[in-house]
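> Chains A and B, in that order, are what the protein sequence lines are.
Per the working numbering, the first sequence starts with residue -3, numbered consecutively.
Per the working numbering, the second sequence starts with residue -3, numbered consecutively.
Take the hints with a grain of salt, since some may be wrong.
A short, non-exhaustive set of chain A residues, derived as facing chain B with CB atoms under 10 angstroms [stated by the list, open to error]: (1) M(-3); (2) D1; (3) N3; (4) K4; (5) V13; (6) M24; (7) G30; (8) F54; (9) S56; (10) M60; (11) G62; (12) E76; (13) K78; (14) Q79; (15) K87.
Derived from the structure by calculation, the hints contain no laboratory data.
Computed from a predicted structure; not experimentally measured.
Backbone N, C-alpha and C fix where the C-beta goes; we use that ideal spot for every residue, glycine too.
Protein chains: 2
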Amino acid sequence: MIVRDLNKIIEANGERVVSDAKWRSVRMLLADDGMGFSFHITYLEAGSEHTFEYKNHFESVFCMKGSGSITDIATGETHEIKQGVMYALNKHDRHILRADEELVMACCFNPPVTGKEVHREDGSYAAAEDLETA
Amino acid sequence: MIVRDLNKIIEANGERVVSDAKWRSVRMLLADDGMGFSFHITYLEAGSEHTFEYKNHFESVFCMKGSGSITDIATGETHEIKQGVMYALNKHDRHILRADEELVMACCFNPPVTGKEVHREDGSYAAAEDLETA
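Just chain A, same shape as in the assembly (with noise of 0.2 angstroms):
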């Protein structure tokens, strides 16, 4: 059984925390630990706007605070972020998501995120276009 405290890891600020400017992501759980899948508690600044496309993982997002929206880019079509409201990319979709105040999520992704991953997205050798935040 692994057992982690969110609250900890951010103190910690390892290299289970990583971020840039407008967002930060705790990794609590990476490819490493075996589970199949990987899980992250990511904050999005109030007011940012991302652009995101993951060409490789699913992801599912599940909103614990805060409010926004998401525009899945191929449809055009803009859906309302808020406490309970999840959004599952099943189709690697490119889209925005925008948060009015700071948005609190919680990311599972398969396949799972290395952490090898999430150095490139995090700045160094990802395109802009690839960039993931978790």
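Given the structure of chain A, go ahead and fit chain B onto it with the hints provided.
The following block gives chain B in isolation, referenced to the frame of chain A:
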């Protein structure tokens, strides 16, 4: 893109909401959503105690609200559960979960729950030690 609202699912009170006297689980994503995992929001009643063993699944459980404890039956070790604590059953660990206050948990299963297991889990077919709050 799949978009679902926990509160609307609870209001509708259809087959996505499963419960017994001491817990209720809302199935946000099931196997047929094609994500490769399932995702559930589960409520465990204050004062309740549950013995679970997921013989065929890995499960991670993130505490969004409430307080309690979990005992790993194999090791005898007990861990405090509170907001921000996650446990992951990476060894199909048989365990006792206690809710001191109502627990609200975000749960991921791999392989994904299909709904068929849920009916089994929900009473008529499953042996007690095989119960799964999913």
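> For each hint, tell me whether it holds in the structure or not.
Do the hints match the structure? See the list:
no.: 1; hint: M(-3); in the structure: 5 angstroms, holds
no.: 2; hint: D1; in the structure: 5 angstroms, holds
no.: 3; hint: N3; in the structure: 5 angstroms, holds
no.: 4; hint: K4; in the structure: 8 angstroms, holds
no.: 5; hint: V13; in the structure: 13 angstroms, violated
no.: 6; hint: M24; in the structure: 5 angstroms, holds
no.: 7; hint: G30; in the structure: 6 angstroms, holds
no.: 8; hint: F54; in the structure: 5 angstroms, holds
no.: 9; hint: S56; in the structure: 5 angstroms, holds
no.: 10; hint: M60; in the structure: 6 angstroms, holds
no.: 11; hint: G62; in the structure: 14 angstroms, violated
no.: 12; hint: E76; in the structure: 9 angstroms, holds
no.: 13; hint: K78; in the structure: 8 angstroms, holds
no.: 14; hint: Q79; in the structure: 8 angstroms, holds
no.: 15; hint: K87; in the structure: 7 angstroms, holds
Figure legend: structure checked against the earlier numbered hints; hints not met, in rising order: 5, 11.
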